[in-house]
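Peer 1: Chains as they are written, first to last, in this note's numbering: chain A, 867 to 1016; chain B, 867 to 1016; chain C, 867 to 1016.
No lab work stands behind these hints: they were computed from the structure. Ideal placement from N, C-alpha and C gives every residue a C-beta, glycine not left out. A couple of the hints might just be wrong.
The calculated lysine to any residue pairs, modelled on SDA-like cross-linking and capped at a C-alpha distance of 20 Å, are [claimed, not checked]:
{"#": "1", "chain 1": "C", "residue 1": "Lys898", "chain 2": "C", "residue 2": "Leu880"}
{"#": "2", "chain 1": "C", "residue 1": "Lys898", "chain 2": "B", "residue 2": "Ala967"}
{"#": "3", "chain 1": "C", "residue 1": "Lys898", "chain 2": "C", "residue 2": "Ala886"}
{"#": "4", "chain 1": "C", "residue 1": "Lys898", "chain 2": "B", "residue 2": "Pro904"}
{"#": "5", "chain 1": "A", "residue 1": "Lys898", "chain 2": "C", "residue 2": "Pro904"}
{"#": "6", "chain 1": "B", "residue 1": "Lys898", "chain 2": "A", "residue 2": "Pro904"}
{"#": "7", "chain 1": "C", "residue 1": "Lys898", "chain 2": "A", "residue 2": "Phe888"}
{"#": "8", "chain 1": "B", "residue 1": "Lys898", "chain 2": "C", "residue 2": "Ala886"}
{"#": "9", "chain 1": "A", "residue 1": "Lys898", "chain 2": "B", "residue 2": "Ala967"}
{"#": "10", "chain 1": "A", "residue 1": "Lys898", "chain 2": "C", "residue 2": "Ala967"}
{"#": "11", "chain 1": "B", "residue 1": "Lys898", "chain 2": "A", "residue 2": "Leu971"}
{"#": "12", "chain 1": "A", "residue 1": "Lys898", "chain 2": "A", "residue 2": "Gly962"}
{"#": "13", "chain 1": "B", "residue 1": "Lys898", "chain 2": "A", "residue 2": "Phe888"}
{"#": "14", "chain 1": "B", "residue 1": "Lys898", "chain 2": "B", "residue 2": "Ala886"}
{"#": "15", "chain 1": "A", "residue 1": "Lys898", "chain 2": "A", "residue 2": "Phe888"}
{"#": "16", "chain 1": "A", "residue 1": "Lys898", "chain 2": "C", "residue 2": "Gln968"}
{"#": "17", "chain 1": "B", "residue 1": "Lys898", "chain 2": "B", "residue 2": "Phe912"}
{"#": "18", "chain 1": "C", "residue 1": "Lys898", "chain 2": "B", "residue 2": "Leu971"}
Here are some, though not all, of the chain C residues that point toward chain B, as calculated from beta-carbon distances under 8 Å [what the hints assert, rightly or not]:
{"#": "19", "residue": "Glu869"}
{"#": "20", "residue": "Val872"}
{"#": "21", "residue": "Ala875"}
{"#": "22", "residue": "Thr878"}
{"#": "23", "residue": "Gln885"}
{"#": "24", "residue": "Leu890"}
{"#": "25", "residue": "Gln891"}
{"#": "26", "residue": "Tyr894"}
{"#": "27", "residue": "Ser902"}
{"#": "28", "residue": "Pro903"}
{"#": "29", "residue": "Pro904"}
{"#": "30", "residue": "Gly908"}
{"#": "31", "residue": "Pro927"}
{"#": "32", "residue": "Ile930"}
{"#": "33", "residue": "Leu1009"}
{"#": "34", "residue": "Ala1012"}
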Amino acid sequence: MSEDAVGLAAVTVLAVLEQAYFSLQVIYARRKYSVSPPATTGPPEFERIFRAQANCSEYFPIFITVLWMSGLFFSQGASSVCGLLYLYGRFRYFRGYSQSAQGRLAPLYFSAQVLWVLIGFSCVGVLLAFCRVYLALDLIGRLTEALRLT
Amino acid sequence: MSEDAVGLAAVTVLAVLEQAYFSLQVIYARRKYSVSPPATTGPPEFERIFRAQANCSEYFPIFITVLWMSGLFFSQGASSVCGLLYLYGRFRYFRGYSQSAQGRLAPLYFSAQVLWVLIGFSCVGVLLAFCRVYLALDLIGRLTEALRLT
Amino acid sequence: MSEDAVGLAAVTVLAVLEQAYFSLQVIYARRKYSVSPPATTGPPEFERIFRAQANCSEYFPIFITVLWMSGLFFSQGASSVCGLLYLYGRFRYFRGYSQSAQGRLAPLYFSAQVLWVLIGFSCVGVLLAFCRVYLALDLIGRLTEALRLT
């Protein structure tokens, strides 16, 4: 598998590095605002950074899952590009949320939209493969034929 | 890989859609009970929905991991069925927890049991594969032979 | 894939079992310190156990992701060994944090270092594969040749 999924793997490693960067920011914020673990509450500046990282962490497994489903069953190229856009959106979200609760909104919507695109790709790709394998139904072929006849 | 894991992929995509549904419910609850981020505390109705989603998110990566381990090393069919049962249990858990803290218990136990079945499948499947690959020991063959001799 | 990734699969199953053990500890702590869901705050003893489990859960998907990236693109053996060390570090972290906030530090640094090694392996492995597939550039071959010429 390793050779024909290297684009997905590259995006995945970038996603891990971004997540590591966010975790480091929380550690710095804990020091700066003197919020020692296990506390997770403190000045709003700290809480925003903490929640930004928590939100990104929460979405990380969903992102990785749809990235690979979409990449393996739909298109590696399209999925990798969406993956990069998502990571860029998350970076802007983290920066925006660190500054103000309002600042998180625009990049949050953007990254949510990219995630929906990846979910859509996964659904289409897996549905087509499912029909092919379990129902012996070639939806793409049928559709092409139907379009040719009209 | 994509063709012979399409059952697992279908359950995986369903799991992502369910998780997206839970996230949308938290967004609606934030609006309804006027709890603006980064706050995560508020009226008990909000906190139950928030915790229900947080708990499902926390288990999501574990579920996806055992689903695939069990599906690739034990049986795709059995794992996909367990996966669907788990997702159904999680749906009832989310609905139950939204209504009362008590309401979460029965479906939580159910989904935990299904998860343990998947963990059991993964352990058996990976152990058998491990013995075959690293110890050149065919446990299934040995067992069949032992039973035949008795 | 299932046969040539059985080492990674074994570490993955161990990681799931460890995570299940941590979750059970939180359930016992909720009973012991009478902290009923959805509350997540209570006596410091409870909060430390809760945060220890939350922290391990948060890192679980990142760990599984780099374990597999590193194992598939760099070396299964080296990644599996690092994976076992990480799980051992996390076990000591959970035990240490349960006793005192101070007790979490040494094993936390240890497991973070092991995670960085796995991230490094993933970066190297994926970068080499990327150069080979997309740039038709055999970095290892070039390097070996360059060393031979000097």
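Peer 1: Which of the numbered hints above does this structure break?
Peer 2: 1, 4, 5, 6, 7, 8, 9, 13, 24, 25, 26, 30, 33 and 34
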